[in-house]
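Protein sequence lines, in the order shown, are assigned to chains U and S.
Under full-length UniProt numbering, the residue at position 209 of the first sequence is numbered 209, and the numbers go up by one with no gaps.
Under full-length UniProt numbering, the residue at position 42 of the second sequence is numbered 42, and the numbers go up by one with no gaps.
The set of hints was computed from the structure by calculation and includes no laboratory data.
Note that the structure is predicted; figures quoted are calculated from it, not measured.
Beta carbons are placed, not taken as given, at the ideal position from N, Cα and C, and that holds for glycine.
Be a bit skeptical, because a hint or two may be false.
[Unchecked claim] One-sided and incomplete, this derived list gives chain U residues near chain S with beta-carbon spacing under 8 angstroms:
(1) 44
(2) 119
(3) 125
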Amino acid sequence: MTWSEMQPLLAQACQETLVMVGWSTLIAVVVGLPIGVLLVLTDRGGLLQNTPVNKTLGQIVNIARSMPFIILMVALMSFTRWVTGTTIGSEAAVVPLAIGGIPFFARLVETAVREVDGGLVEAVQAMGGNTWTIVRKVLVPEALPSLIASTTTTVIALIGYSAMAGTVGGGGLGDLAVRYGYQRFESGLMWITVAVLAVAISVIQFAGDYAARTLHRRGGRSGPGPKLRLLKAKEPAAADISKVA
Amino acid sequence: MITTSGLTKVYRSRGREVTALDGVDLHVREGEVYGVIGQSGAGKSSLIRCVNLLERPTAGTVTVAGQDLTALAGRGPRAGKELRQARSRIGMVFQHFNLLSTRTVQDNVELPLEILGRSGKERSAKALELLDLVGLADKAKSYPAQLSGGQKQRVGIARALAGDPKVLLSDEATSALDPETTRSILQLLRDLNRQLGLTVLLITHEMDVVKSICDSAALMEAGRIVESGTVSELLATPGSELAAALFPVTGERSAEDRTVLDVTFQGEAATQPVISQLSRTYNIDISILGAAIDTVGGLQVGRMRIELPGRYEDNVVPVGFLREQGLQIDVVEGTEPIKEGAR
Numbered sequence: 001m002t003w004s005e006m007q008p009l010l011a012q013a014c015q016e017t018l019v020m021v022g023w024s025t026l027i028a029v030v031v032g033l034p035i036g037v038l039l040v041l042t043d044r045g046g047l048l049q050n051t052p053v054n055k056t057l058g059q060i061v062n063i064a065r066s067m068p069f070i071i072l073m074v075a076l077m078s079f080t081r082w083v084t085g086t087t088i089g090s091e092a093a094v095v096p097l098a099i100g101g102i103p104f105f106a107r108l109v110e111t112a113v114r115e116v117d118g119g120l121v122e123a124v125q126a127m128g129g130n131t132w133t134i135v136r137k138v139l140v141p142e143a144l145p146s147l148i149a150s151t152t153t154t155v156i157a158l159i160g161y162s163a164m165a166g167t168v169g170g171g172g173l174g175d176l177a178v179r180y181g182y183q184r185f186e187s188g189l190m191w192i193t194v195a196v197l198a199v200a201i202s203v204i205q206f207a208g209d210y211a212a213r214t215l216h217r218r219g220g221r222s223g224p225g226p227k228l229r230l231l232k233a234k235e236p237a238a239a240d241i242s243k244v245a
Numbered sequence: 001m002i003t004t005s006g007l008t009k010v011y012r013s014r015g016r017e018v019t020a021l022d023g024v025d026l027h028v029r030e031g032e033v034y035g036v037i038g039q040s041g042a043g044k045s046s047l048i049r050c051v052n053l054l055e056r057p058t059a060g061t062v063t064v065a066g067q068d069l070t071a072l073a074g075r076g077p078r079a080g081k082e083l084r085q086a087r088s089r090i091g092m093v094f095q096h097f098n099l100l101s102t103r104t105v106q107d108n109v110e111l112p113l114e115i116l117g118r119s120g121k122e123r124s125a126k127a128l129e130l131l132d133l134v135g136l137a138d139k140a141k142s143y144p145a146q147l148s149g150g151q152k153q154r155v156g157i158a159r160a161l162a163g164d165p166k167v168l169l170s171d172e173a174t175s176a177l178d179p180e181t182t183r184s185i186l187q188l189l190r191d192l193n194r195q196l197g198l199t200v201l202l203i204t205h206e207m208d209v210v211k212s213i214c215d216s217a218a219l220m221e222a223g224r225i226v227e228s229g230t231v232s233e234l235l236a237t238p239g240s241e242l243a244a245a246l247f248p249v250t251g252e253r254s255a256e257d258r259t260v261l262d263v264t265f266q267g268e269a270a271t272q273p274v275i276s277q278l279s280r281t282y283n284i285d286i287s288i289l290g291a292a293i294d295t296v297g298g299l300q301v302g303r304m305r306i307e308l309p310g311r312y313e314d315n316v317v318p319v320g321f322l323r324e325q326g327l328q329i330d331v332v333e334g335t336e337p338i339k340e341g342a343r
């Protein structure tokens, strides 16, 4: 197989992966964020303490999280058909990907929001802020660097899931690697696919880390990473060196 | 301005009950700086959080500026609209500042105004005015992480004043700061109290805070107010632990058969030559064991520990003479000096 033969295949597979991961990430973030916040708010001692809601929601998230993706995909087939009218193709794959991504992201949101200093919540309560104000102006903005890191993790997990979705007719890079690389012994194409995935994941991780760190630095709960510190070290403070070491 | 009556707070967790507040009656007059001092676990924190109902008292009432907040409380853990409005008229500053790290200094000060629904223009004008008032006009665009502890607390104070409150609650506002910064923050609170007629209720475990800015003080122990009053009332109360802690005098008695007295002077009495009068009138030798003059809550106060020859029974008349002169006399028992109260 020559490069000119591979190129259109790769281009289409990349586009399909992008569609699957893009839409499912969007849905996972939009739905998972409120669920994650709600898990914190309804917990014991939370602003909207409500044990039944918290326990139910927690259980649903746990069950969805513990189900292997390939089984979730099969289990959701009739639902997928109801939503998209088909169970084949990348549009159809978005449904199980999104549903797998929601609880994944929700748990990460829960952890991130829990990290927000309770004193800030108290301060806004003392100003007369209501729960919605606290969510909007304190919990989400203060957790933003962590939320971005969580989104990065979710995107990468969904790329992994999308390869699985590909094998059952979702298309995308995973599907390409299996169909051509494995089943037709086109190992050249398989390695290129693997390389594309590796590069994509590295770029996403780097971009996510960079965004999270920029926000973090602005918020400044901790300084920039040790490398940046070394590069910018104007004053060779002993503290900096010990931190790097 | 702030009145609590019979304020009780009981925490229940897993069947155990902890009484944090046990019938606290507090009265803070308009325009004064009132300090509540006590050791950790005495219930100070619960008290200040009950004043704006961040903590819901188990029993008792809280009235701020004539409004019974406990009646507004409503049921359930969430605060109703009226209570939230009432809170927006009470400023609060915190030990750990509680500034939002993702917002600039100016945006932090604007936050209470956003909650009050003010327009953008109005908010930024007010925020800049307040930052100027606390001496941070040049830091408006900085992030909290770029500020020192003292500067952060100034931002906290500016933020607390954004809603034009009549009352400011201070929860250990200076406890995380070094002594010099503490002094400047206390000075700022004092200035605001005078300039804006702000009533300040502060809780602290540092006697110096009470000494430098409070008009009135209360000592809290195990959820109860043990002593309270204006600083001059406290200093005039024989055996007051707070007075002794606010203004300690030391000095050991030289022999067993002596009478040791702590003499406290305030105002008029301080200008009279009482000691030499005493010495001349009764023809006794008086030794001074220790003495100090200090300013407590803006009052000039002198305290002196003197020793008279003979036991107390022999000195009833001279002690009576001193009391007649308007001095406050505490007889120091045994070798034990007046025990120091809360530190």
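Checked hints:
Evaluation of the residue 44 of chain U hint against chain S yields a violated restraint, the C-beta minimum of about 10 angstroms exceeding 8 angstroms. With 8 angstroms as the threshold, the beta carbon of residue 119 of chain U comes within range of chain S, its nearest partner Cβ sitting at about 4 angstroms, so the hint holds. At its closest, the beta carbon of residue 125 of chain U sits 6 angstroms from a beta carbon of chain S; the interface hint therefore holds under the 8 angstroms criterion.
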